[in-house]
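There are 2 protein chains.
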Amino acid sequence: MAQQKKLVEEITPMEEDFARWYTDVVKKAELMDYSSVKGCMIIEPYGYAIWENMQEILDERFKELGHVNVCMPLLIPESLLNKEKEHVEGFAPEVAWVTQGGNDKLEERLCIRPTSETLFCEHYKKIIHSWRDLPKLYNQWCNVVRWEKTTRPFLRTSEFLWQEGHTMHATAEEAKAETLRMLDVYTEFFEKVLAIPVLRGRKTESEKFAGAEATYTVEAMMHNGVALQGGTSHYFGDGFAKNFGITFTDKNNQLQTPFQTSWGVSTRMIGGIIMTHGDDSGLVLPPAVAPIQVVIVPVAQHKPGVLDKANELFEQLKAAGLRVKLDDSEQSPGWKFAQYEMMGVPLRLEIGPKDIAKEQCVLVRRPDRNKSFVPLDGLADAVKAELQKVHDILYDNAAKNLQARTSIARTHEEFLDIAANRPGFIKAMWCGDPACEEKLKQETGGVKSRCIPFEEENLADTCVCCGKPAKHMVYWGRQY
Amino acid sequence: MAQQKKLVEEITPMEEDFARWYTDVVKKAELMDYSSVKGCMIIEPYGYAIWENMQEILDERFKELGHVNVCMPLLIPESLLNKEKEHVEGFAPEVAWVTQGGNDKLEERLCIRPTSETLFCEHYKKIIHSWRDLPKLYNQWCNVVRWEKTTRPFLRTSEFLWQEGHTMHATAEEAKAETLRMLDVYTEFFEKVLAIPVLRGRKTESEKFAGAEATYTVEAMMHNGVALQGGTSHYFGDGFAKNFGITFTDKNNQLQTPFQTSWGVSTRMIGGIIMTHGDDSGLVLPPAVAPIQVVIVPVAQHKPGVLDKANELFEQLKAAGLRVKLDDSEQSPGWKFAQYEMMGVPLRLEIGPKDIAKEQCVLVRRPDRNKSFVPLDGLADAVKAELQKVHDILYDNAAKNLQARTSIARTHEEFLDIAANRPGFIKAMWCGDPACEEKLKQETGGVKSRCIPFEEENLADTCVCCGKPAKHMVYWGRQY
Ligand SMILES: [Zn+2]
Ligand SMILES: [Zn+2]
Chain Y
135 MAQQKKLVEE ITPMEEDFAR WYTDVVKKAE LMDYSSVKGC MIIEPYGYAI WENMQEILDE
195 RFKELGHVNV CMPLLIPESL LNKEKEHVEG FAPEVAWVTQ GGNDKLEERL CIRPTSETLF
255 CEHYKKIIHS WRDLPKLYNQ WCNVVRWEKT TRPFLRTSEF LWQEGHTMHA TAEEAKAETL
315 RMLDVYTEFF EKVLAIPVLR GRKTESEKFA GAEATYTVEA MMHNGVALQG GTSHYFGDGF
375 AKNFGITFTD KNNQLQTPFQ TSWGVSTRMI GGIIMTHGDD SGLVLPPAVA PIQVVIVPVA
435 QHKPGVLDKA NELFEQLKAA GLRVKLDDSE QSPGWKFAQY EMMGVPLRLE IGPKDIAKEQ
495 CVLVRRPDRN KSFVPLDGLA DAVKAELQKV HDILYDNAAK NLQARTSIAR THEEFLDIAA
555 NRPGFIKAMW CGDPACEEKL KQETGGVKSR CIPFEEENLA DTCVCCGKPA KHMVYWGRQY
Chain H
135 MAQQKKLVEE ITPMEEDFAR WYTDVVKKAE LMDYSSVKGC MIIEPYGYAI WENMQEILDE
195 RFKELGHVNV CMPLLIPESL LNKEKEHVEG FAPEVAWVTQ GGNDKLEERL CIRPTSETLF
255 CEHYKKIIHS WRDLPKLYNQ WCNVVRWEKT TRPFLRTSEF LWQEGHTMHA TAEEAKAETL
315 RMLDVYTEFF EKVLAIPVLR GRKTESEKFA GAEATYTVEA MMHNGVALQG GTSHYFGDGF
375 AKNFGITFTD KNNQLQTPFQ TSWGVSTRMI GGIIMTHGDD SGLVLPPAVA PIQVVIVPVA
435 QHKPGVLDKA NELFEQLKAA GLRVKLDDSE QSPGWKFAQY EMMGVPLRLE IGPKDIAKEQ
495 CVLVRRPDRN KSFVPLDGLA DAVKAELQKV HDILYDNAAK NLQARTSIAR THEEFLDIAA
555 NRPGFIKAMW CGDPACEEKL KQETGGVKSR CIPFEEENLA DTCVCCGKPA KHMVYWGRQY
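Chains as they are written, first to last, in my numbering: chain Y, 135 to 614; chain H, 135 to 614.
Isolated chain Y, as found in the complex (with noise of 0.2 Å):
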């Protein structure tokens, strides 16, 4: 009955109510569920399988590159949280406050952590030394909480899961050289692997991180050309490690102070993902991450041999290390199809009484619906190459979509003009001036910068906003 209704029920189109649209999906995907804390979702099975492979793809890759996993604590005192003063004033609003462990009140109330910068420097400065102790490249995954007003599944909710990593360096050029490396890894994550093309580049001064001294970013954007901040890698200079005394002797028995990173990303790409490749059909996954890469649907499966060929063709392709799944259920194969392509499975593959007299099966592609008579020698190979082939149009839609969402501002009045008609990115010059971002995010109601590209253009020479010599281009955006 529950599985019934689904056929019934319709996905709001996006260009109706891309908002609807957006929790229709996460819901009838059953990717979350609403729990009982506002903010705070349940992720379900298939949600949390998307999340398991993007974990492990990534911490592989961490692994390669020498970084460790840690687990630290999830409660910080608030002495030390207030330890920097700009991070305190970032986070301070957004925490939430452990007062009473169990029948007793605490003497010193801890919040929840919101990011564990305080704590990993409060280790570092009692396990690093000397120089021989660096560089320490930690990395956790976990939750952390941060009390949101306005919450949206897996955008912006008041926990979510993430990876931090929080490294300590010899030197400023080594940090700086790893704040860029983590970038560069999350870019051919994105990329790669989750077929969403970024944009990348420089915070300004008012969008960093909250104690940074330099914020990168990469940048994304949604189908509604409202831009999705995909991931950050922090570079702190030796701001936090002057603060909690964190020194180590150099080789020539000096004392130094060491040079600091942190980067993230979070369950917010799942939100990313559904926002860049779904459409009205419901999910579209990327081949990498997709919990289930190929479906099989046995086509008239009361007739003999149809279900032992499906079979047959499911242990091929396990074996063949693909994530299959056969679904031979009592239901018929257009509310298999309708399901499967809801739930975003790559490819399906179709299989019945006349593809076995020809010895081949079909495939069909999710994104483009594009239908192939593959013979059944050499399958598994097939279809990893359309897998890899709905991963290039998944990438190639997402990019002619970025670029259709960019346009160029070089007076005031054009930036105000397409920030009011033309949802995406804008680029734009700037002087260098907070008022001037602050001013242009209350005249458009909320297009802010985004991020300094590293390749800048001379689009003009004054800034867009108060006419003085421009310093940057910069690229400007709603945001989620």
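These aren't lab readings, by the way, just hints derived from the structure by calculation.
Treat the hints with care, as some may be off.
The list makes no distinction among identical chains, and a pair is therefore deemed to hold if it is satisfied within one copy or across any two copies.
To be verified - Pairs of lysine-lysine residues, derived as DSS-like cross-links and limited to a Cα-Cα distance of at most 30 Å, are as follows:
#1 437 - 385
#2 523 - 605
#3 523 - 326
#4 197 - 605
#5 270 - 561
#6 582 - 534
#7 172 - 270
#8 283 - 534
#9 452 - 197
#10 492 - 283
#11 376 - 172
#12 239 - 219
#13 161 - 197
#14 605 - 270
#15 260 - 162
#16 239 - 217
#17 197 - 259
#18 310 - 270
#19 488 - 518
#20 162 - 488
#21 217 - 561
Put chain H with the ligands on the given structure of chain Y with help from the hints.
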């Protein structure tokens, strides 16, 4: 410098002070560090890598059996925790309460999950409607908080990591079978993976989980005669389901209440490994979860060809799927021997000019220091065989300790005498009255019932405490 210090520092001998020996080992092997929140620890990379290996093995096993992972929220509203009376009475005294979010006082306080039965039940109520929705076989890997007054690294900490399985079934029989199936999974994990023999049985009424109908346990015996509850599996009947109003329509279209289980193991297993296998030289790790299974120590490494050969062996063993480390640092071989023994690396491979000339190397097993000369031809297989041997030795030693530390008490006097003088398990008959459990606990200063084994012996006809007719044979002991 930090590294050189280690050779000088001594580990307190086990016989002298077991508790200090334990904390020396966890600190010197860099498994954990203390944080500034009382009772919350930092799991350092070497300790966390053990946990990752445990997770990987268990997670694969769970998934083979059809379980899927989910992520429930960290926070539970007080009203939700209150829904099951026994459950809240069991946990309320030891939970941490969040009372403030950002700058606002919360209308209802939220506890940090001490366990997630209530959250799973609330979700199951929403997603279980028909017999087709059953069974639900969910698991989650997460952190939980229980506000402990006395803490000890890994064994009892205010925050710890664990997995909690929560399943729902159409019938009581199926749920009972699941409870025992997962106890079997834990038994096999302890014995085949951790090399720790366990007792298996049911908890008495006073020792069972708050809200369960029956709690099953695997219990291990530490070096010092103190028991460790390694993992538990609970059968809930339909108690929680009724309190939460979870129902489903069966195949005859009748409304039914489902039956529930939960089961979990935690980072305390790391404490169990230390106290089961460790010795006065430090940690001893079972090969299946050791972050480093073989350490290669070159001898006379400045001599031509030694490092080349060491590197060649490293690549060879790595390619064979072994977790191997080559230490080519400037430290002396003697320092390295002591260091990796302290870290509990199961096998050491020594290679020097003389070995190379003879086309052999030296393998030294950690537990018994057995030294063998092994031809380089077929090395990977020889290493794997030695690792299996290490596992067997650890298991045998632990089984001997378990046997030596199990006594039989037929009279009250014997019971008190053994409790005072022979630390370990006591097998004794019991009438079934909780008052006798309480009395024995008081008289002995902490010897409690550990479990009623699946196969009971008839040691006597009367209760060891009150002399009334005996109902069960019980294992008793002090516990961590
Ligand atoms: Zn300006
Ligand atoms: Zn009695």
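Which of the listed hints are broken here? Numbers 2, 4, 5, 8, 10, 14, 20, 21 - these are the hints that the structure violates, sorted from lowest upward.
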